[in-house]
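Student: One-letter residues, chain by chain:
Number of protein chains: 2
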Amino acid sequence: MAKDFVEKITSMDDDFAQWYTDVVTKAELIDYSSVRGCMIMRPYGFAIWENIKNALDSKIKETGHENVYMPLFIPESLLQKEKDHIQGFAPEVAWVTHGGEEELTERLCVRPTSEVLFGEHYKNIIHSYRDLPKLYNQWANVVRWEKTTRPFLRTLEFLWQEGHTCHETDEEAHDETVRMLNVYASLCEDVLAVPVVKGQKTEKEKFAGAKYTYTIESLMHDGKALQAGTSHHLGDGFAKALGIEFTNREGQLQHVQQTSWGFTTRIIGAMIMVHGDDRGLFIPPKIAPTQVMIVPIAQHKEGVLDFAHDLKNRLSDVVRTGIDASDKMPGWKFNEYEMKGIPLRLEVGPRDIGNKQVVLVRRDTGEKLTVLINELEIKIKETLTAIQNDMYQRAAKSREKKTAKALNLSEFKEILDTDQGFIKAMWCGGEACEDRIKEETGATSRCMPFEQEELSEECVCCGKRSKHLVYWAKAY
Amino acid sequence: MAKDFVEKITSMDDDFAQWYTDVVTKAELIDYSSVRGCMIMRPYGFAIWENIKNALDSKIKETGHENVYMPLFIPESLLQKEKDHIQGFAPEVAWVTHGGEEELTERLCVRPTSEVLFGEHYKNIIHSYRDLPKLYNQWANVVRWEKTTRPFLRTLEFLWQEGHTCHETDEEAHDETVRMLNVYASLCEDVLAVPVVKGQKTEKEKFAGAKYTYTIESLMHDGKALQAGTSHHLGDGFAKALGIEFTNREGQLQHVQQTSWGFTTRIIGAMIMVHGDDRGLFIPPKIAPTQVMIVPIAQHKEGVLDFAHDLKNRLSDVVRTGIDASDKMPGWKFNEYEMKGIPLRLEVGPRDIGNKQVVLVRRDTGEKLTVLINELEIKIKETLTAIQNDMYQRAAKSREKKTAKALNLSEFKEILDTDQGFIKAMWCGGEACEDRIKEETGATSRCMPFEQEELSEECVCCGKRSKHLVYWAKAY
Chain V
1 MAKDFVEKIT SMDDDFAQWY TDVVTKAELI DYSSVRGCMI MRPYGFAIWE NIKNALDSKI
61 KETGHENVYM PLFIPESLLQ KEKDHIQGFA PEVAWVTHGG EEELTERLCV RPTSEVLFGE
121 HYKNIIHSYR DLPKLYNQWA NVVRWEKTTR PFLRTLEFLW QEGHTCHETD EEAHDETVRM
181 LNVYASLCED VLAVPVVKGQ KTEKEKFAGA KYTYTIESLM HDGKALQAGT SHHLGDGFAK
241 ALGIEFTNRE GQLQHVQQTS WGFTTRIIGA MIMVHGDDRG LFIPPKIAPT QVMIVPIAQH
301 KEGVLDFAHD LKNRLSDVVR TGIDASDKMP GWKFNEYEMK GIPLRLEVGP RDIGNKQVVL
361 VRRDTGEKLT VLINELEIKI KETLTAIQND MYQRAAKSRE KKTAKALNLS EFKEILDTDQ
421 GFIKAMWCGG EACEDRIKEE TGATSRCMPF EQEELSEECV CCGKRSKHLV YWAKAY
Chain A
1 MAKDFVEKIT SMDDDFAQWY TDVVTKAELI DYSSVRGCMI MRPYGFAIWE NIKNALDSKI
61 KETGHENVYM PLFIPESLLQ KEKDHIQGFA PEVAWVTHGG EEELTERLCV RPTSEVLFGE
121 HYKNIIHSYR DLPKLYNQWA NVVRWEKTTR PFLRTLEFLW QEGHTCHETD EEAHDETVRM
181 LNVYASLCED VLAVPVVKGQ KTEKEKFAGA KYTYTIESLM HDGKALQAGT SHHLGDGFAK
241 ALGIEFTNRE GQLQHVQQTS WGFTTRIIGA MIMVHGDDRG LFIPPKIAPT QVMIVPIAQH
301 KEGVLDFAHD LKNRLSDVVR TGIDASDKMP GWKFNEYEMK GIPLRLEVGP RDIGNKQVVL
361 VRRDTGEKLT VLINELEIKI KETLTAIQND MYQRAAKSRE KKTAKALNLS EFKEILDTDQ
421 GFIKAMWCGG EACEDRIKEE TGATSRCMPF EQEELSEECV CCGKRSKHLV YWAKAY
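Same order as they appear, the protein sequences are chains V and A.
Mapping of the first sequence onto our numbering: position 318 corresponds to residue 318, and the numbering continues sequentially without gaps.
Mapping of the second sequence onto our numbering: position 46 corresponds to residue 46, and the numbering continues sequentially without gaps.
Keep in mind the hints are simulated off the structure, nothing from the lab.
Careful: at least some of the hints might be erroneous.
Treat identical chains as interchangeable: a pair holds within one or across any two.
Straight line, CA to CA, 20 Å or less: simulated DMTMM-like cross-link-like pairs of lysine to aspartate or glutamate [unchecked claim]:
hint, residue 1, residue 2
1, K59, D317
2, K312, E62
3, K26, D131
4, K328, D131
5, K413, D222
6, K147, E103
7, K312, E382
8, K61, D324
9, K61, D317
10, K147, E101
11, K61, E50
12, K405, E458
13, K401, D390
This is chain V alone, in the form it adopts within the complex (with noise of 0.2 Å):
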């Protein structure tokens, strides 16, 4: 049967869980499969992810660096060779250990991230000082063996981008990791409209194999945080382990300085968690795959459905536009297109056309603005506009609200008891006090942040001298 309602969503507040599993299901983002943990992107998750992939090469493109291609398979020697990395990866990857009817002689990992394949190839054609840096990222699918999945958030496979770069000195690296981490940041405030706290993560949260590692984090729509996106030093640790060396100025051999840095499908499961409602989906104008949808009011009468298609086909130069002109009734086309999030909705009856004018409805305030047809394109672009910025208003504001201070672990406790939430707390920088609060709150470091503050001079758990700022939070 084809759908002749909107299905109902379970309530934010009743079932947050509940809430998102009907919305990246009736909202037709994905679908699920024989195979366990891994997703379908339907057509309408696939676009959110094109527009969010074509923005972010953009971006990575324009800082100078290249695309390549690198092998689905890691054989088992080849990734054991780093030992930290092996450590942290080998418990969550799947192995091919057949190819057609025969057993290999050395198993294969599915890669569960690419640093030794990239180191391997960089082995190869880095000599020189000359030959750097080398500025490489891939677009790919990777695995990781993961025991409980949810779309988008954990998945078995899921897609991303790797960047992996190859310096001549420590600082050049550095200042890589922090322009790729500002990248992301960028891709998630000025276009995912999702605020993001920036910071280092503490050792024992860092990436396998890593010198350290900066985070972007976010927090969720039920205060629960989420990782948008990690950039790595990795010092020289990978290059000794794969023999990556070149000859510098002063003619001597030497070890490159490598970064890399990774942002996944994942972000969309925050976009959703952030912008989302009672009502749905509600997708940023600038990388909704629809910004306008057209729904034709009394469409029956004369003229109205050839007025339409004309707005259709001239509103398509300017703003992602759709049309609904099959026969179900508007007020089910209202609420299917705010349940997909679509910015931008636009009326137009019988009247209208003879006004020379249209109705624009918002997403989000449900504001109606009576605009004439030749001042469409301006008004539509200036409030997709304005929507994209209330959208990161309200989520900066929302993040504030949520966000607190604790002094000791019993006033940590209580604010993590009556609302989740990022909590800033000192920490002295023990691993002990990081196990323990994790252990009885359930939050764990998120980062610590580049802008740091001094609550106290205690640390939040032993009452030490504290060294770092840190956020903490539950989190996906």
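Assemble the complex: chain V is given as a structure, and chain A must be docked to it using the hints.
Tutor: Below, chain A without anything else, positioned relative to chain V:
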């Protein structure tokens, strides 16, 4: 050491296979990795694929298709549902048997193609004729466990797009099969300047599980054929195996009619072997990552480099423009960019600047055009168009020269002994003759062309009544 000289490549006539290997490595399209049979696509190789992908993706979307993304893995039981399909693919799939530390209860194959995954999803989302047609496509990596591999032409993992569609009727599926074959043919001829023969595969050569397979076949410089793209009418075989049913306009349950069609990174191999020469690669302007390369002459003289950089900025609005301002000799640069197949070189030196002119040099003919600066954009565009057209014409003529007719098997063998190429010959339609021709000559049936001729009434092999004209050739 950085390279200070252009490395020599083997001559095509001396050793075509070695010439090919030299070109793909020395023009820096690919590198080998420690993963058997998988290649690394380097920035230049991947940029070519990105341009091909963008051109094809536009055509796929213009013809009403939507992109989706399916899982990488297929459970063994799902792959087995269509019997011909599993028989065709089982010998060449990679099997995942372990996830993390655990052995899987059911092994997963790494997708060699995704008919069954699409089928399973279609079963979920198609219920009524109102849900049809469904026109989906995905860009993905697939794996086929090949014994012998060559970069682009045959690799364990390759990149491709695979379209999968569902229709109400056999005719609609047929029309779609033809439509997408034409899309592929137009991409090959109009964008890649590679002429193709359109036709149908024999029963023996069709896709495992298809009703019939249409193909476009191209001819390489060495006279071997290469299958450039295929489009399959699947009938209702997969629909019956997987239970994809819909309520038709008469209110009865019916299985959908399906198609699938694919186009891969292999086409880059075809482009190389159709257009390349002893100086190296030659890339059609429409997909060349760099269309015009600026080489400053006597660049140490005052003003030359500034002028050249200004030109680059100015031209970058119109064509993909590169500049080599390194301190290598101009002669080195000429050779390097000829090897990389950049269609047009722009030379500019002190005298040119005085005369307000530059020199354009065509990669194919070596022809030099002195062009006034104020006519530059228009002349470059004209010249690129002329190069693109001439590339197609040269390839078409070469194919014509290498296409012969045979009336009996001794003629057939004689032709192949003298000069590789397409052989047009009549066929009775029997698999025995097809097998015998392959055994005795090494040539396989490439296709029964849509444009049939009757060369004789007798099968080239058995002499019985002929049914079809067939193009035969040794093939990649």
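Student: Each hint should be assessed against the structure and marked as holding or not.
Tutor: Verification of the hints:
In this assembly of identical chains, the alpha carbons of K59 and D317 lie at most 20 Å apart only when taken from different copies (18 Å versus 24 Å within one copy). For a Cα distance limit of 20 Å, the shortest separation of K312 from E62 across copies, 16 Å, qualifies, whereas the shortest one inside one copy, 33 Å, does not. For the identical chains of this complex, K26 and D131 are inter-copy neighbours only, at 16 Å across copies versus 51 Å inside a copy, given an alpha-carbon limit of 20 Å. Proximity of K328 and D131 under a CA criterion of 20 Å is satisfied inter-copy only: 15 Å between copies versus 62 Å inside one chain copy.
In this assembly of identical chains, the alpha carbons of K413 and D222 lie at most 20 Å apart only when taken from the same copy (17 Å versus 75 Å across copies). Only between protomers do K147 and E103 lie at most 20 Å apart by alpha-carbon distance; the minimum there is 14 Å, versus 27 Å within a single protomer. For a Cα distance limit of 20 Å, the shortest separation of K312 from E382 inside one copy, 18 Å, qualifies, whereas the shortest one across copies, 35 Å, does not. Taking CA atoms no more than 20 Å apart as the test, K61 paired with D324 passes between copies only; the shortest distance there is 19 Å, against 37 Å inside one copy.
Taking identical chains as interchangeable, the C-alpha atoms of K61 and D317 lie at most 20 Å apart only when they sit on different chains, with a minimum of 17 Å there against 26 Å within one chain. Only between protomers do K147 and E101 lie at most 20 Å apart by alpha-carbon distance; the minimum there is 12 Å, versus 29 Å within a single protomer. In the homo-oligomer, the alpha carbons of K61 and E50 lie at most 20 Å apart both inside one protomer (16 Å) and across protomers (13 Å), since each shortest distance falls under that limit. Taking the closest pair of Cα atoms, K405 and E458 come within 20 Å of each other only inside a single copy of the chain (13 Å); across copies the shortest separation is 90 Å, beyond that limit.
In this assembly of identical chains, K401 and D390 lie within 20 Å of each other by CA distance solely inside one copy; the values are 16 Å within and 66 Å between copies.
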